[in-house]
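Participant: Sequence:
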Amino acid sequence: MSTVRWRGRPPPVPACGATRSSVTSTPSPTTTGPSGRGSPRAPSWTRRRGCRRSTPRRVRSTRRSPRSSTASGGCGPSLPPTAASSRPATSGRSTARASSTSRSSAEPSRRRSGATGHTAGVTPRLVVPADLEGRRALGDPWSSWLDGLPILHRDVVEEWQLTPDGDPMSGYCSVVVPVLAPDGGPAVLKLGLLDEESEHEHLALRAWGGDGAVTLLRADPRRGALLLERLGPASLTSIGAVEACEVVAERYPRLHRPALPQLRTVTSYVDRWLAALGTMPVDAPLPRRLVEQALSLGRALVAETPAAPVIVHGDLHYDNVLAGEREPWLVIDPKPMAGDPHYEPAPLLWNRWEEMLAGTDLRAAIRRRFHTVVDAAGLDEERARDWVVVRMVLNAHWTIEDAQRAGRRPDAEDRDWITRCVAIAKAVQD
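Per the working numbering: the sequence shown = residues 637 to 1066.
Just so you know, these hints were derived from the structure itself, not from any lab. Please read all numbers here as calculations on a predicted model, not as lab measurements.
FRET-style restraints, in silico, Cβ to Cβ:
(1) Thr-915 <-> Gly-845: 38 to 46 Å
(2) Gly-1043 <-> Arg-772: 21 to 29 Å
(3) Arg-893 <-> Arg-962: 18 to 26 Å
(4) Pro-818 <-> Glu-961: 18 to 26 Å
(5) Leu-896 <-> Glu-963: 20 to 28 Å
(6) Arg-962 <-> Pro-923: 43 to 51 Å
(7) Arg-962 <-> Asp-997: 32 to 40 Å
(8) Asp-997 <-> Asp-919: 31 to 39 Å
(9) Ala-766 <-> Asp-997: 37 to 45 Å
(10) Asp-919 <-> Asp-1011: 38 to 46 Å
(11) Gly-1014 <-> Val-758: 49 to 57 Å
(12) Val-918 <-> Pro-964: 43 to 51 Å
(13) Arg-935 <-> Arg-900: 17 to 25 Å
(14) Gly-845 <-> Ala-1048: 42 to 50 Å
C-beta: ideal position from N, C-alpha, C; glycine also.
Just need the whole structure built from these sequences, with the hints factored in.
Facilitator: Here is the structure:
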């Protein structure tokens, strides 16, 4: 029997018998350094890691879904970590931190067992993390969802016979609560704002059945409730970027299963995005040659829909692959679509950008990642390259579009992102 060699093993389990802390979300990103935005700098997960429409802009007043022009906001790329259970966190992960708030005086008292627990028969009232509570300023549907979140949490916890096991954590539009399942096993309860991006997350997870991805234990999609396997806080950002690209690419074949009929298609979105790109003013701060090239390539890709579309994760970047126990690395947080697997690689190029800037040859660094993914996944190089060009031009266009809608010119951060998009689009073609 051959031995399976896992690439990019996570950091070692701490000594003294401690095991890896487990969550089903990404490590909380740093809020300083060149990857942050705003003043003070906003965590990068509030912008984009791999989302289809998200752009790296500062979060000013609203955050629109990558697949919708409404102001309800998409769920975004990834979640900060949930609090650990009674098991200590992996050493050296300074970014894995709780995002908790002080307990309300009206909250029922809790008897602690391990990290947290609750009085028999009484579910502690959910204290919504402050950053998520701040979305209330965006109006509905945020306000109504936040109003009902504590009751939803109570209802699901009681109906599913869960025991809270840690402080709640938040993503852009979800709260994640460490819990113990009825059998006492560690899990997390994810409650999300219902939107187009997250609508079919449970279907993709169920189709994968834990093969290379987090295991879905239970779901109520009508209420946006998922009970998930608990994973470790370490993400692929804890290993070298090229090795991480291999890890992701090696999971593509396991995730790219025959598409589910319920999923919306990649091409249906791209067709709409290209129509908007075609209306971009000729004096926009984006090379017109690249715009025309993206329009031509995009239309060809849309017309050449694969005969056997697959489940496309849609948001597969370094922070959406977490350390596991049954496997070294497991994928989380799909925003699934049906389509061409060659659509996937681009986020691996635009994330962890500062690491490439720190080197001596940016073009070579971009190309090394690109060819690593293509070779490890067995993708068609030309088709993967075409999708990268289209996606990078669309990303740049969305930043310009957002500035126009805000009645302003692209600011310095916007211009930096546009420059990044252009650099990647050019590098993969040279």
